[in-house]
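In order, the protein sequences belong to chains S and W. Residue numbering for the first sequence follows the working numbering, beginning at 92 and increasing consecutively. Residue numbering for the second sequence follows the working numbering, beginning at 8 and increasing consecutively.
Do not rely on the hints blindly, as some may be mistaken.
[To be verified] Think about it this way: if two alpha-carbon atoms lie no more than 16 Å apart in a straight line, the pair counts; the simulated EDC-like pairs of lysine to aspartate or glutamate are:
1) W:LYS154 <-> W:GLU222
2) S:LYS303 <-> S:GLU324
3) S:LYS157 <-> S:ASP181
4) W:LYS127 <-> S:GLU144
5) S:LYS176 <-> W:GLU134
6) S:LYS210 <-> S:GLU177
7) S:LYS157 <-> S:GLU177
8) S:LYS176 <-> W:GLU131
9) S:LYS308 <-> S:GLU320
Everything labelled a hint here was simulated from the structure, so no lab data went into it.
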Amino acid sequence: MEILRMKHIKKSFDGLEVLKDISISVEEGEVLAIIGPSGSGKSTIMRCAVMLETIDGGEIEYIGGKAAWTDAAGKVQYADHAALKEIRRDYGMVFQNFQLFPHYSVLKNVMDAPLRVQKRERSEVEKEARALLEKMGLADKADAYPYQLSGGQQQRVSIARALAMNPKILFFDEPTSALDPELTGDILRVIKNLAAEHMTMVIVTHEMNFAKNVADKIIFMEHGVILSEGTPEEVFDESNARLQEFLGRYEAD
Amino acid sequence: MSTAMIFQQLAGGMLKSISIFCWTLLFSLPLGFLIAFGRMSKVKIFGRFRIIRGITKLYIDIMRGTPLMLQLMVVFYGPFFLWGADIGGFRYPAIIIAFSINYAAYFAEIYRSGIESMPKGQYEAAEVLGYTKAQTFIHIILPQVIKRVLPAVTNEMVTLVKDTSLAFSLAYMEMFTIAKQIAAKETTFVPFAVAAVFYFIFNWIVSTGMTKVEEKLNYYR
Numbered sequence: 092m093e094i095l096r097m098k099h100i101k102k103s104f105d106g107l108e109v110l111k112d113i114s115i116s117v118e119e120g121e122v123l124a125i126i127g128p129s130g131s132g133k134s135t136i137m138r139c140a141v142m143l144e145t146i147d148g149g150e151i152e153y154i155g156g157k158a159a160w161t162d163a164a165g166k167v168q169y170a171d172h173a174a175l176k177e178i179r180r181d182y183g184m185v186f187q188n189f190q191l192f193p194h195y196s197v198l199k200n201v202m203d204a205p206l207r208v209q210k211r212e213r214s215e216v217e218k219e220a221r222a223l224l225e226k227m228g229l230a231d232k233a234d235a236y237p238y239q240l241s242g243g244q245q246q247r248v249s250i251a252r253a254l255a256m257n258p259k260i261l262f263f264d265e266p267t268s269a270l271d272p273e274l275t276g277d278i279l280r281v282i283k284n285l286a287a288e289h290m291t292m293v294i295v296t297h298e299m300n301f302a303k304n305v306a307d308k309i310i311f312m313e314h315g316v317i318l319s320e321g322t323p324e325e326v327f328d329e330s331n332a333r334l335q336e337f338l339g340r341y342e343a344d
Numbered sequence: 008m009s010t011a012m013i014f015q016q017l018a019g020g021m022l023k024s025i026s027i028f029c030w031t032l033l034f035s036l037p038l039g040f041l042i043a044f045g046r047m048s049k050v051k052i053f054g055r056f057r058i059i060r061g062i063t064k065l066y067i068d069i070m071r072g073t074p075l076m077l078q079l080m081v082v083f084y085g086p087f088f089l090w091g092a093d094i095g096g097f098r099y100p101a102i103i104i105a106f107s108i109n110y111a112a113y114f115a116e117i118y119r120s121g122i123e124s125m126p127k128g129q130y131e132a133a134e135v136l137g138y139t140k141a142q143t144f145i146h147i148i149l150p151q152v153i154k155r156v157l158p159a160v161t162n163e164m165v166t167l168v169k170d171t172s173l174a175f176s177l178a179y180m181e182m183f184t185i186a187k188q189i190a191a192k193e194t195t196f197v198p199f200a201v202a203a204v205f206y207f208i209f210n211w212i213v214s215t216g217m218t219k220v221e222e223k224l225n226y227y228r
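So that you can see chain W by itself, here it is in the shape it has in the complex (with noise of 0.2 Å):
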């Protein structure tokens, strides 16, 4: 198979692999706020436990704690273990849910460590104006907590994009899967080096983007 014929079997399975990307971050990035403000929930039961904290202190703790790849198994078996459920269809959806959920226990942490940061004379001085505790958030926190995390985002995103070969191990035909076939079949390393390639220029561009994103940001300190 000439080089050239591999760009273009690699472009096909990187199509799937940018999708993985869009549709993980469409899901996570949201997501990873509900568990953050989880993650620093007051509410308590029986008057001592912080229940909504601790549970979604367990969820990041596995999330963070267990391999992808197996958390990706989980997600697309699971169903047809536990209930038999008829999985045929379901695998797709099984890598963007298992994605998504995985990427959304790493962004709630950064999103808690970007409120965290914030002084509280911030919350005060808004206090004293008047502002409600939403308006408090959205208008005077959220902005700049989103200053604050873009270089941590960013690093979980070129990490994503190098994540989504993850997806093999469902044997979903995103590029490096299809790669590794290639490799298999014709005895050569040059797929893998194409893919390299991909992985390479994909991760400029985004994070050529969100350095875009980071200058867009840096009119004010």
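The shape of chain S in the complex, shown without the other chains (with noise of 0.2 Å):
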């Protein structure tokens, strides 16, 4: 079952066209893995994905309803409010530098979507949040600010955040490109146990590795176009000769 099919998706800035005709799709349950230079497009097309930008063309579907689409006089529509308010609870979405909300309580960073968004009952939420918190190992942290936290903890707190939306889909957008080196083990961790669990993820990462570890598909994309697309075996082994190039230069690292 596809949780998120993106058909011929187009997007520029300011005439610069950052997306070109890029198609992908993900299954329930499956990892994938978005790599490529910086300015190929990978981060684009996951800000697409979530609607914090707007495709210029193509086609946005989740398991939950039509987000956008392109019409016959090739104009994108995006679904009415109602409609998109609820295909936003299928995903949830980890930022690069984390995004908590520093006013609040690492507790309170968590439950507050649930409660406010979701309408949620308190306890229940509550009970929901230091679980997660449990499963982050910050049972400890629950009542301390993001700004007492290393970034690896903080990181962990906004995935905690994510998940507490019971998002059918989450997306990970170079999770540990602000962390030290040897921070980024720990996220790398979580997202492995997620995956273990089968959570559906989306990740644009720098870490090569774990990509080919994690990833049950990867796609490699170059100038808003995908240049190779499949199991890390397919992508890795690859004989494409630009892939090779980008990929040596990381092992090289």
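Starting from two chains that each stand alone, build the complex the way the hints lay out.
Laid out in structure tokens, this is it:
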């Protein structure tokens, strides 16, 4: 069953075409990793998926409904407000810079959206939030404020915050790029555990080995097009000269 | 006139200065938000002119670009010169109105700087979590903005304490007006010294209070 399908996505910024006809689909329980050099459009495709950017052409469909499509006149139409609100419930996102709410305690960061947005019952939400923090190894940090935590801890809180909404699919936008190398392992482990629980995830990352290990499917992008797509074995073994050059640079690091 | 008497008379005037201060804050602090929103408005007419932004920008420019003393006189005497209105009982309201619309312009720019300094990611995180625009502003953005602008707001409040003396231009009997009268009548500088002490104490209370508020908000960074 497909959770997300994006077809023929086009996106330009000030006349510069960042995405040229990108199509991706994500099956339930699947982990998709998107890799590629900076400026390849890999973050943009993710931002389009979570509707932080509007597309200029193509179609976005979640399991809960069609979010955007291109009409006969070639104009992109988005679903109405109520429909989009419903669709937003399907996904969560983890940002490169965490973007925790600094004035909320760790627990409140995790609980606030389920309470305020989903209007769920407080005792149930709190139980779930504490369980999530426990799972992230942060049970003792429930009353701390984000500034008191390390980057790795903050990122784990933001994962808990996203999970608290019970999304069907979780997006990670370079989740380890803002972290010290010794802290990235933490986050990668958490993501790996989520993969083991069959959480559907899309991960934009620079961690090649991680992508290779955790992803069911890898997309390699450059200049707004998909250069290569398939299982890790297929993508990493391919005789694509550009891909090998790109990967080689990483291995040389 | 004894120094004790001067103290007593000026204390009476001080109450009026304090009331100008309080009413002005009560109106200008919220009004500043309204103006700040106008200043950041993206509403366009004819597809290109940002009308609300333009009007509020002009308003702020006028309020900051002309003397408050002049604004006091325009607000008070304006209705008389324009419509021949009876402005007999209008002195005190005119003072509050003039101070409020003037300070609101300054507060608006302080708020705007605070709102615009917020990282875009905070809005984005809230949006993906499903917060409405209003929820995002009230619960996520505003509390952080208040913390950021507090020092600048304190600055304006301290200035306002001293600016209350400008009410003398409408012959309103606030403290400094009284001090000047006594000084002229008794040919002594003592009232000015006493006035200085009053302003200083008032401002010490204001800044100490605001420091307390800042400390209260120091539970996060």
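Checklist entry - Would the pair LYS303 of chain S and GLU324 of chain S pass a check requiring their Cα atoms to be no farther apart than 16 Å? => result 8 Å, holds
Checklist entry - Are LYS210 of chain S and GLU177 of chain S close enough, with their CA atoms no more than 16 Å apart? => result 14 Å, holds
Checklist entry - Given the hint that LYS176 of chain S pairs with GLU131 of chain W, does the C-alpha gap stay at or below 16 Å? => result Judged against 16 Å, a Cα distance of about 15 Å means the pair holds.
Item to check | Hinted pair LYS154 of chain W and GLU222 of chain W, Cα distance within 16 Å | outcome: The hint holds at about 10 Å.
Checklist entry - Quick one, are LYS127 of chain W and GLU144 of chain S close enough, alpha carbons at most 16 Å? => result Holds, because 13 Å separates the two Cα atoms, which is no more than 16 Å.
Next on the checklist: Would the hint linking LYS157 of chain S and GLU177 of chain S be met if the CA-CA limit is 16 Å?
Outcome noted: Cα-Cα ~11 Å, so holds.
Next on the checklist: So if I understand the rule, the pair passes when the alpha-carbon distance is 16 Å or less; does LYS176 of chain S with GLU134 of chain W pass?
Outcome noted: Holds, at about 10 Å.
Checklist entry - If you draw a straight line from the CA of LYS157 of chain S to the CA of ASP181 of chain S, is it 16 Å or shorter? => result 12 Å, holds
Next on the checklist: Need the status of pair LYS308 of chain S, GLU320 of chain S: alpha-carbon distance at most 16 Å?
Outcome noted: Answer holds: LYS308 of chain S to GLU320 of chain S is near 7 Å, not above 16 Å.
Consistency with the previously given hints is maintained throughout, with no hint failing.
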